[in-house]
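With chain R fixed as given, assemble chain S onto it according to the hints.
Keeping their order, the protein sequence lines are chains R and S.
So the first sequence is residues 2 to 470, counted in my numbering.
So the second sequence is residues 72 to 354, counted in my numbering.
Worth flagging that the hints you see were computed from the coordinates, not collected in a lab.
Do not rely on the hints blindly, as some may be mistaken.
To be verified - EDC-like, lysine to aspartate or glutamate: derived pairs with alpha carbons at most 16 angstroms apart: (1) S/LYS345 / R/ASP271; (2) S/LYS305 / S/ASP324; (3) R/LYS266 / S/ASP110.
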Amino acid sequence: MALDPKKHEMPTQAPEVRAHNFSEVALGYTVEIALEEAKRCLNCKNRPCVKGCPVNVNIPDFIAKVKEGDFEGAYQIINETSSLPAVCGRVCPQETQCESMCTMGIKFEPVGIGRLERFVADWHNAHATEKAAAPAPNGHKVAIVGSGPSGLTCAGDLAKKGYKVSVFEALHTAGGVLVYGIPEFRLPKAIVAKEVETLKDLGVDVQTNVVIGKTLTVDELFDMGYEAVFIGSGAGLPNFMNIPGEALKGVYSANEFLTRSNLMKAYRFDPVTPIMKGGKVAVVGGGNVAMDAARTALRLGAEHVYIVYRRSMDELPARKEEVEHAMEEGIDFRLLNNPVEILGYSNPDDPRDPKNGFVNGMRCIRMELGAPDAKGRRRPVPIPGSEFTLDVDTVIMAIGTSPNPLIKDTTKGLEVNSHGGIIVNEQGLTSREHVYAGGDAVTGAATVISAMGAGKIAAKAIDEALSAK
Amino acid sequence: MYRIIGKRNLNPTVTQMEIEAPLVANKALPGQFIILRVDEAGERIPLTVAGVDKARGAVKIIFQIVGATTELLNHKKEGEYIQDFVGPLGVPTHTEGVKKVCIVGGGVGCAIAMPVAQAFHAQGTEVTSIIGFRNKDLLILEDEFKACSDRLIVMTDDGSYARHGNVTVPLKEMLEAGETFDLIITIGPLIMMKFVTLTAKPYGIPVTVSMNPIMIDGTGMCGGCRLTLYEDGKRVTKFACVDGPDFDGYKVDFDEAMSRGRMYFDFERRAHEKTCNLLKGAN
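Chain R extracted, bound-state conformation (with noise of 0.2 angstroms):
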């Protein structure tokens, strides 16, 4: 049988079309392209790419359903492993997890693992009418603080095993960073909320408004009489550059913009929760969170939108497909460029212009990249007299967060590390017994794959410190 050397693309809008309109921008595999890719894979012995898979899903078994054309045979493979497939399909980073380790890869193209998954479970949502059922319940009551990936999976993998599961969100939604960070064109919010219900539908109880650390301690949770707590509360408080000017209107974190658009529907026709739209856009940062905010103003209806990074475009930490769709949508990489400063409108003849105060430019120095730093990376280095000047009128700023304070300030005995993540170990498990972590809030800003992970990891060991009890 001859093999296709190629993985096959998967439809998606095109780009011209979609910089203006937030629908998603892929379109998912039809049944013939998801049969024919799916015939790519060799259902090889070793079956690396499970190894390369955080929550280990059983990628050839599933494909092999693909192949027979068992969709929902294939979904229930799945669902064993992973809670969220329908938002792991969409956003994982395949090409260096499940896929970087495919056999196929090796000569050709790697078998498109993360676009079958999607296909499987948009058609599982389309098609299935069966609503999961609650299984007998086992008499363990556990808390989870958050309803992000890390808290989603373990809270779906304890309600699979019995257990009454009460997941506790400080927004309004559910969904944790899948709602208020991922934006609508690559993660719809239908898709989370039919995740959530399917936890639901499995008996987890999901608590929105309520604050761990505030409206209820961690201490607390115990004496209402749950045996085992998960703090998946993710990633904390956005970092900023420390430069002259970050406090001008029209400069935001990331968080902040991306939150205005995606919680508070700020990209909606009329919203009620104010957003700057239009303009010239600068994002500085290369991460996902960076494109998700550059592809977001380009939606909002910016005239032009740069990513200003500090590296090359090797070091771009950004998802590779990311950063193409990105690219064909016209975002201008302006790469090897720091700023250094952001300028604000300053009308001297008059104090009250309502223009004063809000940002006109940001200053920049050219980069050139110098000896690798600890961690192997090269490390980007000023040149110096190089400054411009970028015409700009918002400034967003994607470089990470740092944990919040929340918790850690008001549960005794738990240890954080110098950055403030929460100290874990293998098992999930932090210097309080019985309470284990997870997610952003354990490693900082990372994926929601490894999140998910994490939750992962910890469902398995509450279930056997406490089914040991």
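The following block gives chain S in isolation, referenced to the frame of chain R:
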């Protein structure tokens, strides 16, 4: 959904509501705030807790009708529900060890100052309260302040009630006359808090100000509420939602905070007008 279990108009533009939220009522302390959404499509707005009734699980909020959301909220009746209500957020006001305090409230800021004054009064601190309003019609909470203050001075900007002038006038007189306080707490418009701080400065009395910047999540995620403090000669970014809302008045960059507060001025004005027209149509 959270039920409105009490509603009272304090003046034509300021309303007091009690919201049934037992978890919040159980925890809230003076100086903390909540975030609410009126309906499913609403924006998140922060409001400071004006008091709690633990027995009834009630949290008291007092708000001025200034924009689209407060207009919608004011339109809700007792027995009706609001969509979301989360808290208590922020760090409570520090009251320990203060023997003599001066509370300076301006306008609707007096609603936030009141539970703080009550907390000091309850722990035996000698409380001087200065409350100021633009005019007689906007006066609120005079009786409540009387009950928890050893001395109360009421000011109106236009002289239509009590003493004529702004709140810094009697404060300055007292300080010049040699009176001293362990702490001055001021809550109200930024410009007022700035001038209260400047008035106290020559006398070296600590000043705590309560900041109320633009906010979205209120839990230390978005960074919209950031402000700049001067600490040891350096400019330091702080977040009102988790580091505040109370800050050392001598450190706050008020001018920057005032500028940032006007970021969406036009948007908010237009949204308010539109909401008023919609509500008119509904009546």
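These are the hints, each one checked on the structure:
no.: 1; hint: S/LYS345 / R/ASP271; result: 11 angstroms, holds
no.: 2; hint: S/LYS305 / S/ASP324; result: 12 angstroms, holds
no.: 3; hint: R/LYS266 / S/ASP110; result: 14 angstroms, holds
In terms of the numbered hints stated before, the structure departs from none.
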